[in-house]
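Q: Residue numbers (the numbering used here), protein chains in the order written: chain A, 1 to 340; chain B, 1 to 559; chain C, 1 to 291.
This list has only true hints and no planted wrong ones.
Derived contacts from chain A toward chain C, CB cut-off under 10 Å, selection only:
{"id": "1", "residue": "Asn70"}
{"id": "2", "residue": "Asp190"}
{"id": "3", "residue": "Glu224"}
{"id": "4", "residue": "Ser234"}
{"id": "5", "residue": "Asp265"}
{"id": "6", "residue": "Arg270"}
{"id": "7", "residue": "Met275"}
{"id": "8", "residue": "Ala335"}
{"id": "9", "residue": "Glu340"}
The set of hints was computed from the structure by calculation and includes no laboratory data. Ideal Cβ placement from N, Cα and C applies to all residues, glycine included.
As a plain string of letters, each chain reads:
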Amino acid sequence: MAGLRATLELCRFDPQTDREARWELVEVTLPEGSTVLEALMHVQEHIDGSLAFRRSCRHGICGSCGMRINGCARLACNTQLTAAVEQARRMAAVRRLAGRGAPASADVAPAPVRVEPLGNMPVIKDLICDMSAFWAKLHAVRPWLQSLQEAPDPDRERLMTQDDWTTLAEGVLCLECGCCSSDCCSLEADEEFAGPAALVKAYRYACDTRDDQTHRRLSDLSAEHGLWGCTRCSFCTERCPKHLRVRDLIVRLGQLAWAEGLRADPGAERCGEVMASVRDTGRAHEFRLPPRMEDIVKTPARVSSAARALSGGEAGGDDPVPVERLEELRAILNAAEERE
Amino acid sequence: MAMHVIEHDVLIVGAGLAGMRAAVEAARRGVRVALLSKVHPVRSHTCCAQGGVNAALGDDDSWEAHMFDTVKGSDYLGDQDAIEVMCKEAPRDIRALEHMGCPFSRLENGRIAQRPFGGAGFPRTAYAADISGFVMLHTMYEQVVRLGIPVYEEWYVTRLAMEDGRCAGLVAIDLRSGKLHGIGAAAVVLATGPASRMYAPSSNSVDCTADGMGMAYRAGVPLMDMEFVQFHPTGLRNGVLVTEGARGEGGVLLNAAGERFMARYAPHRMELASRDVVSRAEATEIAEGRGIAGFVHLDLRPIGAERIKKSLFQVRELSMEISGVDPCEAPIPVRPTPHYFMGGVKADVDGATAVEGLYAAGEVSCISVHGANRLGGNSLLEATVFGRRTGAAAATYAAAHPPAPFPAGSLTAQRRELDDLAARPEGERQAAIRADLQELMFAKVGIWRDQEGLRQAVDGVRSLRERYGRVRLEHQGAVFNTDLVQTLETGNLLEVAECVALGALNRQESRGSHARVDFPERDDACWLRHSLFWRDGEQPRCTYAPVAVTRFVPEERGY
Amino acid sequence: MRYAYYPGCASLGWSREVDTATRLVCARLGIDLVGLPAAPCCGAGEVQQVARTAGAALGALTLSQAGQLGLDVMTACSVCMLSLRQSRALLEGPERVAERQRVGAALAAGGWRYVGTHAQVTHLLWVLWRHVGVDGLAAAVTRRLSGINVAAFYGCQVLRPSTLNSEDDADTPISLEELAMACGARVVDYDGRLSCCGWPLAASRRGASDALATRAVVAAATAGAHVIVTPCPHCRTSLESCQQGTNLGVPVLHLSQFVGLALGISSRESLPGWYVANGGPLAARLGLDFV
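Only chain A is shown next, with the shape it has when bound in the complex:
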């Protein structure tokens, strides 16, 4: 039977016997069209019964099988093995450029497909992570409908417009699979950051017209490890198996929070300062915005000398060339503010 051959490079760790993770190469031959999950199940059922991973629905709706394939967090069940093999080949080709001046040849043996557990989470065994912190953050946004209204009529549903449903629907399809959190750069730098999944869940409820706790929700999200801690890497959007525009939803939360007057976080403050600078000069005037150069650089003398060299020596030369038609811009920004 014509089959698909691939080599998997599996990250293995058994807490009972291993002190640290190790890599294992396994060769598989499977029918065309097989997914990475089918490859793993084949390994577990026929080659090595000790391999442990989560899986259930096998069609991308339960969210169980999140893992890093070639370093990218994905669901194994909707990743085609051929695509993973091709990606591994490309990565190997790029890596081979290192140390050489000539482009790499494409005729090399198929590079192994790396399979390892999700990032930003402790590993329990093999490809199974401890997701308790992930769930705790989801629970912390109080992900249930909150309404101070009296108990609704049991024979009548609350009404909702189709447009409101469409807005809400953007956040509903989150599988809570952990792929976004796995590759989130903010989580890498700050493990207490709420994380994209919790923010998507918060968005889903902040936008639900039947919920009346929006202000409180946004206020909670504006805390130290909340939405302003997003570093805008967009890995969340990139990794989401349901193609949710996660980063855009986080932006939307920021817009909603700002509109509610929740502007105390230094991240929010900076946004406001940039906006004020743009209104004032047409530019995000770096010399006048935080972070101050002096906070970053130990040798302000270098800075000033560079600036002076460019401008001809005057301190006022720090300012960039002003934007033309500034009055028109100001009128536009004022009008925009009315429409937020």
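Go by the hints and put chains B and C onto chain A.
A: What follows is chains B and C alone, placed relative to chain A:
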């Protein structure tokens, strides 16, 4: 090994829609309730349900009409008193879900939207695009979190613990540590879902392995109507489904000649006849050479790309990923696929079983509201209505009865069994046994059944059970030992499969999803009765129970 | 090749040398740059983070000005490129009717109309890689940067989200490496090439920002890099500034500066950017007599 026994008033096995609905209801009554699930709650199979949930919400609809459609859909094997309860209570239950926050799709007037579904005389299937089960599951989970209901996540139940004929709790493995625990409870609710993984292909998630049916059966509870297995008409090549809602939205079925063949089988309801009728039609077309490489075509183009992308977006994505077809441009190859068990643990409308302290709700149970064939949209409904009722009943019982003393013997017996299994040095692993079972069931206990094939099936399952008696584990580790879990699951599949095959062999008529080539007619005189299967030594003992007929006299069933 | 040139505020601020280098490189390669004197800040993701209409309106203005000239926009800043592309996606995407109405009303207050439909947004990186091409660049090189180990640092906003940034593969990009090699340099394989420099958090969460930037620099240094090359002036500043108080000493150059070197462009105006890291060793390798 320390025999630590935890205790709850109500312990619910399975955290899908039925289990969590029961938990929420029990928690509202102030009893100490806990959920136990072999996967995280939001991974439960409920999330795979796409099309929607039925209720007579519309001003021009009525619960009586819903009841009639359900009774007829069941080919008159459903218990009409139970169906009446379900259909009467449906509207309030669906609205209650909406009040909890469930994001149903809406009409222009802001009310919950409903689409046509198979076997229904009125569009009464409420939905959320084509992720209905998913949103209902998540809504329910969020209520569980709100109420602070504890969940034993990734614990696998191996047996029920019985004391003096009463259920005293259960024995379970904490998969994370491999430790065996006894948990005592005044009331145990089984909400463990489906069993279609005894077939391949199957629409079911990998872990839908009849665990609840198996453990109840071993505890002395009869299984009912096991021969009735629903083949869903529109499964993709690997068993994953395309929702019936696609046909509800206007999708049509075509054979190789491009003909809408349902006109010859169900001239009135066409593609929206009951599922058994449609599946048999497809199987006939394929068998008679009018299929396309073993499939028929589901053409969604009449629906229009815009509506597909809005209300059937998951269908489109699955079709493209699994079959390489964009339904906006081309028809999808589909075929009948094992999907749902009408039968299960015999329970009443409050989830009570033959064993005191043991309840069952959702797909694991058989009340029976689906009889010989289930209507699409009634499974999510059953889970909701009877999940609630069972949670209430279990809570009431637990409030009046302390847990029975936990039988330490069950823990030691289970420990011994696991040790024996682990100690077996030689033997075959479970995968081949399970694969052989799946192939056997699909071939011999499929859409079309006959005496010879069913006899082979019964014998075949028995011989597989013998092989299973010599199964061995490859992996001995304690932490997340999938090998162990899958081996135990296969044991449940085998035990329950024997009832399925035997039931099909015994029932000499055709009714609903049970179609006998050698007995093609429905025989109400002899067979308007439920089949019951009791564990009796190594083989099932079969008895029969009457069907409750109240409002609708059985008549000929045509679509 | 001719573009409406959009330097962005960083290239007119701290990273002024990036603007200089970009102009000189484009002139050398025959790429015509036309100014947009009335183009405001792109919003830098900061305005967009709090104000949807204002953020989109800023982009609409720049796109309209380019549209009036009948040109595409080229920038050398990843943040500008992504912000402008996001504005464009709002105004040209599935929600464009509602977006154009909202943004259009704001523009009208300043006497403007959105006419940016035909103005695409691109980056110096794509212009060099796709239009000049690797061979075209190699042919224009006058000083091969042999013996220089380059750690290519893409940064986030030129690659992700890949729905807006489709020129190179977001998970296996190769453009920066190929351009570096076209200049005669070698590239190193290191673990940080696709990660975040942390710049968006620099003002509010310094610790996190530094941690991200430092991780990438350490990985580059460990892999033997002599220089880090990035297409974004913010990444350049972030990777440079995190090195203060350390002995990491890996200079960071913007793509325009690095390519400029290979095209024989090196001056205080195009290269004064070593604020923190010691550019001495690199300068020596390149035979530059100033630092």
